[in-house]
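Enquirer: One-letter residues, chain by chain:
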Amino acid sequence: MIDPHTPDPIQYVGEDGTPVLALPERFTPALLRELHRDMLRAREFDRKLITLLRQGRTTFYAQSSGMEATQVGLARSLRAGHDWVWPYYRDHTLALSMGVPMYELISQCLGTNSDPCRGRQMPHHFASAALKFVSISSSIASQVPPAAGSAMAQKYLGTDEITVCTFGDGATSEGDWHAGMNMAGANQAPCLFVCENNQWAISTGVRQQTASATIHIKAQAYGMPGYYVDGNDIVAVMEVCAHAAERVRRGDGPALVECLTYRVGSHSNADADAEKQYRTREEVGVWLARDPILRLEKLLEHLGEPVSPEERAALIAQTHREVDQDVLRAEATGQPDWRIIFEDVYADLPSHLRDQAAALRAEQEGARA
Amino acid sequence: MTATQEKATPTPVGETRTINLIQAITEALAEELDRDHRVVLFGEDVGARGGVFMATAGLQARFGRERVFDTPLSEASIVGAAVGMAARGLRPVAEIQFADYMGPGFDQIISQAAKLRYRSGGQFTCPLVIRTPSGGGVKGGHHHSQSPEAYYTHTPGLKVVMPSTPYDAKGLLKAAIRGEDPVIYFEPKRLYRASKGEVPTHDYTVRIGEAAVRREGTDLSLIGYGGVMPDVERAAEALGAEGVSAEVIDLRSLVPWDQDAVVRSVQKTGRAVLVSEAPRIGNFMGEVAYVIQERAFDSLLAPVGQVAGFDTPYPYVQDRVYLPGPNRILAACVRALNH
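Going down the list, the sequences are from chains A and B.
Each number in the numbering used here corresponds to the 1-based position in the first sequence with 839 added.
Residue numbers are given in the numbering used here: position 97 of the second sequence equals residue 92, and the series is strictly consecutive.
One should not assume that every hint holds.
[To be verified] Across the chosen pairs, the derived CB separations fall in these ranges: (1) A:L1199 <-> B:A297: 22 to 28 Å; (2) A:S978 <-> B:V133: 30 to 36 Å; (3) B:H137 <-> A:L1199: 38 to 44 Å; (4) B:H137 <-> A:E854: 28 to 34 Å; (5) A:R1046 <-> B:R173: 30 to 36 Å; (6) A:G895 <-> B:R60: 54 to 60 Å; (7) A:G856 <-> B:R60: 50 to 56 Å; (8) B:H137 <-> A:S1051: 33 to 39 Å; (9) A:S1042 <-> B:V133: 30 to 36 Å; (10) B:A297 <-> A:Y995: 28 to 34 Å; (11) A:K1115 <-> B:R44: 53 to 59 Å; (12) A:P846 <-> B:I276: 52 to 58 Å.
Note that these hints are calculated values from the structure, not bench results.
C-beta atoms are modelled at their ideal positions from N, C-alpha and C, and glycine is treated no differently.
Turn these sequences into a full structure, and let the hints guide you.
Expert: Okay, structure coming up:
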């Protein structure tokens, strides 16, 4: 039984890789290796995308390095392609783990013709209808009330999908967060809220964000359990998220999980240098030592199933090759032309947009002539 | 100049009966709930109470609490939940108690509802309707009387409508519910019971984006929408008594709006007076004036006149003075005619 509202984060694997609670049976070495692969893949995806950024092939990137256990663990607790996800903008590891093809994510970051979002959004704001991964908005916490509505629709439609809504710690200060949490609570909507508390909203630390000791205790105010978990311990994340998701799925109302983790990189490329001004090297150092991938490697070592340096290097090389191939493949599709400006604003093109599109077409054709 | 008195489009065909505007809204909601199980109705006090204006009276008793229900007092929740439901395939019709209260839901409207289709490359859609009473004339002070439609007409991705007759109220609401886009449906609350008219007994819709010519004329085009329409028609009648033939156009839809109907009319009459009750700066009618000068400049015999609310918060006392009544409309017409 996993208790909500615990004062300290629930942990299964200590920072030195030793289990502090008995590992549940399902965490076989084979599963742990799969999780390791998924986390390492996401980490390397981050690295490669930052390289693309430096090469000027994309313009924005928000890395999730350090948060892999939270996102991979959450993804593994859901039914991918069955449950609905209303994510936030730092969720590419979650997306990859739920099965969104790397090619689609890269295409979205590059704004190519292969981008399912058709080059409409800034990089890193993808959507996948096939995987019920709903479009990301930059407007913080604005996905929370829709997630409540999505779950309410779910209840009305009467199937066993659940809705998952993710956000950072900063989002919990927004009115929309409280509105959405309250709406879901009041309607007992099957929604799992997951706070990826990485402790920084750009340069505003969580202590400036709230006087509340933790985020998870706020769940009580909305009539739902709030779980507190070590977000760098993938076993703990999976156990707690699976428990909370199951509770939501069987109709016991919404739940909140707070995963205490850390963004070891900058907020985005926009504050890559400024980042040093708002937090200390010591603080980052402490969290680098708590690295979720490292911790899982230590656990595997403890279990007598170490990941060899060759294995690790091969996995990294394979991810780099995959990203490189997908980038070239995506770039080869070219960029969407001017028409994308006018399409998908409405179901059908109204006459004023027809007129504006015609004027732009003439301008474009004139420019080519 | 000769005055023409006949009423122009639309004339309901077939069997009709006379109802008021709010009855038309209730009927539209009931019929759509009946027609499509995906339609759900919610907002603050819409359930047992039937809404503060009784627009949803009796619907919870008839369709059940699953389909017609009260929500927490939170516009962000109401609009946001509608976005989530729409993305999941329902047809949510959300009520915001007064248009003046839409502020807390504004981000949900402009960041989520208006953009979900576009930003997802058409992978997700957002067919919802937000109904909300708007406009003045009910002694409500500024938080029960404002006309915020321009904020929403400025947001691509939204459709914005405002009926002034029971026929249009019912037909536009049905079209909004059946459509594939988010629609902000403003209800001119001072006409809820004051506007009566014939409505067909059979099912029909009014296409969003088509204006109605209420009265044909040759000397001047009077163009308005929503709560001002009875005063616009009164002004046209007064002009008729003086031998001036005014054409009256009710825009009905602001996004998209019927540019052709307006341009055609101004090309015929050579003069236009635009009437709305929203504050003047950034008023939607500024866009109408722009299109008239762009597309009918050569036909214009006078500058385009505009009668609007003042650029002040809406006052509690003197609210009828704030509104552009027949006298102010007539004065603008006289200026146009004497130019």
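Enquirer: Decide, hint by hint, whether the structure agrees.
Expert: Tested hints:
In this structure the hint that L1199 of chain A and A297 of chain B lie 22 to 28 Å apart at CB is violated, the actual value being about 33 Å. In this structure the supplied range 30 to 36 Å holds for S978 of chain A paired with V133 of chain B, their Cβ-Cβ distance being about 34 Å. Restraint check, H137 of chain B to L1199 of chain A: a C-beta distance of roughly 40 Å satisfies the suggested window 38 to 44 Å. Distance hint check: the CB atoms of H137 of chain B and E854 of chain A are about 58 Å apart, inconsistent with the given range 28 to 34 Å.
Checked against the hint of 30 to 36 Å, the C-beta distance between R1046 of chain A and R173 of chain B comes to roughly 51 Å, which is inconsistent with it. Between G895 of chain A and R60 of chain B the C-beta distance comes to about 56 Å, which sits within the given range of 54 to 60 Å. Taking the beta carbon of each, G856 of chain A and R60 of chain B are about 52 Å apart, inside 50 to 56 Å as hinted. The hint said 33 to 39 Å for the Cβ distance between H137 of chain B and S1051 of chain A, and at roughly 36 Å that hint holds.
Here the CB-CB span from S1042 of chain A to V133 of chain B is close to 48 Å, at odds with the stated 30 to 36 Å. Judged by the Cβ atoms, the range 28 to 34 Å given for A297 of chain B and Y995 of chain A is violated: they are separated by roughly 56 Å. In this structure the supplied range 53 to 59 Å holds for K1115 of chain A paired with R44 of chain B, their Cβ-Cβ distance being about 57 Å. Between P846 of chain A and I276 of chain B the C-beta distance comes to about 55 Å, which sits within the given range of 52 to 58 Å.
Violated hints for the displayed structure, listed by number in ascending order: 1, 4, 5, 9, 10.
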